[in-house]
Structures are given as C-alpha cells and as structure tokens.
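Can you build the whole structure from these sequences, using the hints too?
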Amino acid sequence: MKFRTFAAFVGPSLFLMFVFIAAPLVSVFWQSFHVTKARFETVEVETCTPGFLKPTCVTEMVTRPVLDEHGQPRLETRFTGFGSYRNVLEPDRTLAALRDLDWRALLTIDFWKALRFTLTFTLITLPLVIGGGLVIAVVVNNVARSLRGPVIFVSLLPFIITPVIGALSIRWLFIGDGIMTAFLEWWLERDIAMFAQGGTIELLMLFYRVWHVAPFAFVVFYAGLQTVNQDTLESAIIDGASRWERLRYVVIPHLMPLIVFVALIHLMDAYRVFEEVVGFSSQAHVISLQWLTYDLLTPDDSGNRAISRASASAMLTMVGIVILLVPLLLRTWRDQRPGGPGGAGGGR
Amino acid sequence: MSGPRALRQPMGLRAVSAGFLGVWCLLASFPFVWIAAMSFKAPVDSFAPNPLHVLFGPATLAAGKGLSLLDLAAGAAVLWIAVRLAVRWLPGVVARGTPPGWIAVGWFVGSLLFGLAFVAVFFGLLPLVLGGLDPVVGPLGVPVLGLTAEHYESVWVGNEFYRNFVNSLIVTAGVVAVSLTVGTLAGYGLARSGSRLAFWLLIVALVFRALPHSVLVAGDLPPFIHSAEVLRPLLGEAAPTLYGKPWAVIAVLVSINQPFTIWMLRSFFQNIPLDLDEAARVDGCTHFQAFRWVIMPVMWPGVITTGLFSFLLAYNDYLVTSLLLDAQNQTMVPAIAGYFNRETTTTDQVEAVAAAVSITAPLFLLVMVFQRQIVSGLTAGAVKG
Chain X
1 MKFRTFAAFV GPSLFLMFVF IAAPLVSVFW QSFHVTKARF ETVEVETCTP GFLKPTCVTE
61 MVTRPVLDEH GQPRLETRFT GFGSYRNVLE PDRTLAALRD LDWRALLTID FWKALRFTLT
121 FTLITLPLVI GGGLVIAVVV NNVARSLRGP VIFVSLLPFI ITPVIGALSI RWLFIGDGIM
181 TAFLEWWLER DIAMFAQGGT IELLMLFYRV WHVAPFAFVV FYAGLQTVNQ DTLESAIIDG
241 ASRWERLRYV VIPHLMPLIV FVALIHLMDA YRVFEEVVGF SSQAHVISLQ WLTYDLLTPD
301 DSGNRAISRA SASAMLTMVG IVILLVPLLL RTWRDQRPGG PGGAGGGR
Chain Z
1 MSGPRALRQP MGLRAVSAGF LGVWCLLASF PFVWIAAMSF KAPVDSFAPN PLHVLFGPAT
61 LAAGKGLSLL DLAAGAAVLW IAVRLAVRWL PGVVARGTPP GWIAVGWFVG SLLFGLAFVA
121 VFFGLLPLVL GGLDPVVGPL GVPVLGLTAE HYESVWVGNE FYRNFVNSLI VTAGVVAVSL
181 TVGTLAGYGL ARSGSRLAFW LLIVALVFRA LPHSVLVAGD LPPFIHSAEV LRPLLGEAAP
241 TLYGKPWAVI AVLVSINQPF TIWMLRSFFQ NIPLDLDEAA RVDGCTHFQA FRWVIMPVMW
301 PGVITTGLFS FLLAYNDYLV TSLLLDAQNQ TMVPAIAGYF NRETTTTDQV EAVAAAVSIT
361 APLFLLVMVF QRQIVSGLTA GAVKG
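Sequences listed follow chains X and Z, in order. Note that the working numbering has the first sequence beginning at 1, numbered continuously upward. Note that the working numbering has the second sequence beginning at 1, numbered continuously upward.
Among the hints, a few may not be true.
Stated by the list, open to error - Just so you have them, the derived chain X footprint on chain Z, three or more residues with Cβ under 8 Å:
| id | region |
| --- | --- |
| 1 | 106 to 118 |
| 2 | 190 to 199 |
| 3 | 221 to 232 |
| 4 | 252 to 265 |
Hints listed in this document are in silico derivations from the structure and should not be mistaken for laboratory results. From a predicted model like this one, the values you see are computed outputs, not experimental measurements. Glycine included, every Cβ here is placed at the ideal spot set by N, Cα and C.
Shown next, in the form of structure tokens:
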C-alpha cells in the first residue's frame, strides 16, 4: 500500500485522536503551570452613613475584582511554576508527616489519600479477578454443553452493566436495612452500618470491581481453555499426573499469555477507578485519583472550577499510568514488531 | 458422560464444581433481580428488612396496588407473545421492509418501534382491559401480589426522564456511527500496511488507551467553555461554544474510543485473507473500492462486535458526559446522580432504583441478542496472543 493511500485511510482517525487526545494533553500540561483568575485591585473607599450634625464617614481599603466594559470580571492568566502542584501535593504538610512517620496525617492530604486507595484497589483486585475468572472458566468448562450458553449469558450481565448503576445496585442491597445488611446482622448477631466507616465501603468497592471484571477474565480464559492441547493432557494422564498437577503444569502454562493480557488490561482499568466513588458516594471516606481530578473540575458552590489544580492532579495521575505502562509497551513491542508473531491487544 | 475413564471426575469434585457455578450465577444475577423487584414496590416494602416483603409487597398490596392471578397470567402471556414476535416475526419484517445496504438502520428503527408498541400495549392497553375484567371474574380477580409501576411513571413522565433517554440515544447513536466509519477505515489501513509507521501509530494508540479520561476532560473543558472567543477570528459570529453540545461530546467519546476501536478492527481485518484484496485489485478496483465492495461485506461480524463495544462505552459513560454536557442536554447515567444525591425521602430512592432498572433494561436486551458477538469481541485480540 502506498503512503498516500495509507494516509487517506488512517487520516480521519488520526485527526480525531490528535485534536481530542494529543491536544488536550498539551493543554493540561500548560494549564498546570498557569492560573487564570479574576484580576483584583485594592482601592480606598469612603463610606458615609447619615448621622447627627454630620455624617459618619469611614475610609477603608477594599479589594474588588476589576470589571471590563460588560461588567464581567476581567480575567488574567499568570505563570505560577509549580504552584498548582504544591497546592495538590502540599509538600510542607507531607514532609512534616513523613518526618514524624505519621501515616494518619499524611492521609489527610487528598492526593496521598487518593493514591493510597487507587494503588491498594488495583493491587488487591488484580489477583482476585484473575483467580475468580480462572475458577469460573474451569468450572463452566466442566458442565454439560447445553448449560454453557445460559451460564455465559448470566455471567456477562455484571460485565456490561453501566458501572455507576452496578455500584448502585450493590449499594442498595446493603444500604440501611437492605437485605444483605439484614442478613449479616442476623448471622453475626450484631448491629452493622456498612456506610458509616471507610473500611466497609472499601470492601464493597473491591467486591463490586471483582464482580464487574471477573466475567471478562472468565470469557477470555474460557476461550483459551477450548484450545488446550488434548494430546498433552492425555500424556500427562498417562504419566500419572493428578487433576491438580494437570491444571498446574499443562493448563495454566497454556493460558499464561492470556493471564498476562487480562492482568495488563485490568491494571490500566483499575488504576482509573472512578465510578465506584460516585456509585457508593464514598467521597467522605475514600477517594481515587481520577475522582480527585473530577472533583476539582466540577464547579464549586460559587461556580468556579479549579482548572489549574485539576490539571496538576491529572499530570500526577499520568505519572502513575506511565509507570504501569512500561511493561505493557515492552510486551506489545515484542509481539507486534513488523515480522514479529503478531496478535495480542484490543480486548477491553 | 462419555470419554476416557481417567478423565471422568469423582462425584465429590463434580458436586463442588456445580455448587460453585450455582453460587456464581446467583451472585451475578441477584443484584439485578433484586433491584428489579424493589422498583415495583411501595417504598415501605422496597426497603423492608424482611426479604419476603420486598418480593411480595404486603404494604403495596394494602395500598390497593396489586395484581390478581388473572393479571399475572395476562401479563405473562403478553410478554411471551412479545418475545415470540421479536424472535420469529420481526427479523422477516425488517429484512423485507428495508432497502439493501440499510439493514442496520432498519433494525434500529424496527426495534425502536417494536419497543414503543410493546410499552403501549403492556403499560397502556393491558391495565385498561384488566381493570374492567378483574371485578367480573371473582376469586381470580382478587389482588394477590403487591406490584406498582408508579415509580416508573413518575420517573419517565413526572421527571421527564425521556429527555435524558433521547439525549442518550443521540450521543450513543452518534458515537457508534462515527466511531465505526472512522475506525474501519483506519483499521483496514493499519491491517494492510505493515510499515514501520503503522506499527508506531498502534503503539501510540495503546498509550492513548491507557490515559485516564479525567486527564483528557481536564484538557478539553477550558477550551470548550471559551471556544466561542477562540474561534471567533476564524468563524466569525457563527463560532460555537462547544461546552454543552452533544456533538462535541460525541467527538470526544469517539476519540477516546478510537484507540480501542482501531486495535480491535485491525485484528478482525487481519483475519480476512489478503488474496481477497489482491483479486479485487487485479480486477481493476482502487484500494478504496476494494475496501468498500469486497472487504466490508465480509467484515460485518467484526463491525457489529466493535459497534457493540462503542455502544457500551458511550451508553455507560459518566465522567465525560457529566462534565461536558449542561443540565438540559444531560444523558441518563449522569442524570441518575441527581436522584441518589438528593435522597431526601425513600420515595426518591425507589425512583432512583426505577431509573436504574430503566437504564439496565436495554443492556439486558443487548446481551440477549448479541451474546455471541460480545464473547467474540472479548476474545478477539486475546486468544491469538
């Protein structure tokens, strides 16, 4: 294919990605070093109130926004260097907390609180998703063929549901005297309020994510199980391998590329955890990095959006994604190099 | 169970395996069943600690909102007929009624009309007829199960949820259409090129796929709000403010989805033998003609699968639509946040549940119809790796 034809085919897609992905990245970078706000001036104002004999006058210095010809505050954009980053990271308090080894004080700073949750969330859900998906795949592979269709249908439901709605539907089972809370209270014979403290909310968030993503892992592994080499399995039986040994030494090595694939996709997605915070309304106890940026971008009570701080927090979030991406890129690099063994990627 | 004896499993293992599967299926479906049951009950029943109350709704029944055995039988019959019609009759009508090449649009319009007709019969005609019949038939007409659709009514009619539904429809249809058009072109180009440049583009797309969406929105938001001022020198007075415009959100969602789309379509295109292109080229087609008239007709399974995932992304999105659309153009998912943030009364909460079930229902149908395509999409990239 000639270069011009190639360019014509790929052009529209590249244009879109350039305008709406690459350009915003540059814009975020720029915004994180600049602050746009209304310009203020300090003027001397004399206010007089009527009084006996002569009015009482007070002269004071007032700070007020400079207005333009339409009566709107005049905006000015200033370079602030790392000011916004300092606002997000709060280095003084961070250093003080680190010096005292005071973990609690550190976690009162929003950014570290969000980072702590995002990382533990990612690392805890990862093995659960892989393990859960694997077990479901093996078990489904074990039932009669006629049952597999309906089982796959039911299993796909948690995966395709709108994340916010999925989180909400789990929350409604536990909220107040919801059925699950009532059940737990009856079982453990004690009073339970799932949404009163961070720990239990976090547990529900972890459960929701595993419930939501395990079907994806299951479907991928299930497809992989269909291609396990039967001859190898049979020779393993002849060599006297037990059921567990066959799984451990034949099936899992065969699935290894898929396990790596699911792990990387899950790492990318779990690092972006966001909908759980919205669905469980956990912002008072638990927040994530993406939610932090989102919250700074939403207008506050006076209608202002903290664009610069949001940009700084977005840039810091990206540092994490870059670290996560390095192994993924190296792997794809090996597979997809022109002349390489081609294939992996895509998926969700 | 046939097969070699050594592969046959002991009873204990089979029981454990079947038991685990049962638990998983229960776990996967229970929240859906439960919120669906909750949405049809009076608030007292919905949030009752006793699960039987949620299922059978005594308080709902006491308030005079119940269904008799006759109602249940009639409802089940209408449901059954609707499913039969959708499976047996609808495909034929769509196939005959649409000009060739417009089959996707035909299906879209056909299922929309079918859905509307179903809602009209099930929620409009049926209660009218049964309301007249129930007092006549004696014991069969006595309400036994507490069930009410009043929350759906107040959500869709009272709170004008249909506006959000229409907005969702616009955004989703736009994203799927644009994303597939642009994506198939790029996917085909990348699959057939094999050059170093194509390889680099794919790597860059992979990096873009990993970016958190909030980063992109943080970059888009200020330019979108001020776009009228920025674009005025170029476009004059017609310069639009991009903030709040559905088509601007469509563009953003398409771009966010583009990396994933081109990776997936590329892997589908790679499965189509190169001989097909070459034969077309020998017969005098240009690259584009070969793509349009030879490759696309055999690509439909891949396009449908990728379209499904574009649909899911646009339909399920919360972050982008809630930040870039204003209240009057809001889609369904962010709109529901208004309910659960309010949470003043339990009625509000049950209305939120009803709205959530309304959002989930189309997805449910989607899996029913396209289960095979979704599975093939999930495994498309992975299995060959």
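Hints, one by one, checked against the model:
Requiring three or more residues with a Cβ within less than 8 Å of a Cβ of chain X, the coverage given for the region 106 to 118 of chain Z is violated, as only 0 such residues are present. Given a C-beta distance limit of less than 8 Å, the hint that chain X covers the region 190 to 199 of chain Z holds, as 9 residues qualify and 3 suffice. With 3 residues having a Cβ less than 8 Å from any Cβ of chain X, the region 221 to 232 of chain Z passes the three-residue criterion, so the hint holds. Given as covered by chain X, the region 252 to 265 of chain Z passes the check, having 10 residues with a CB less than 8 Å from a CB of that chain where 3 are the minimum.
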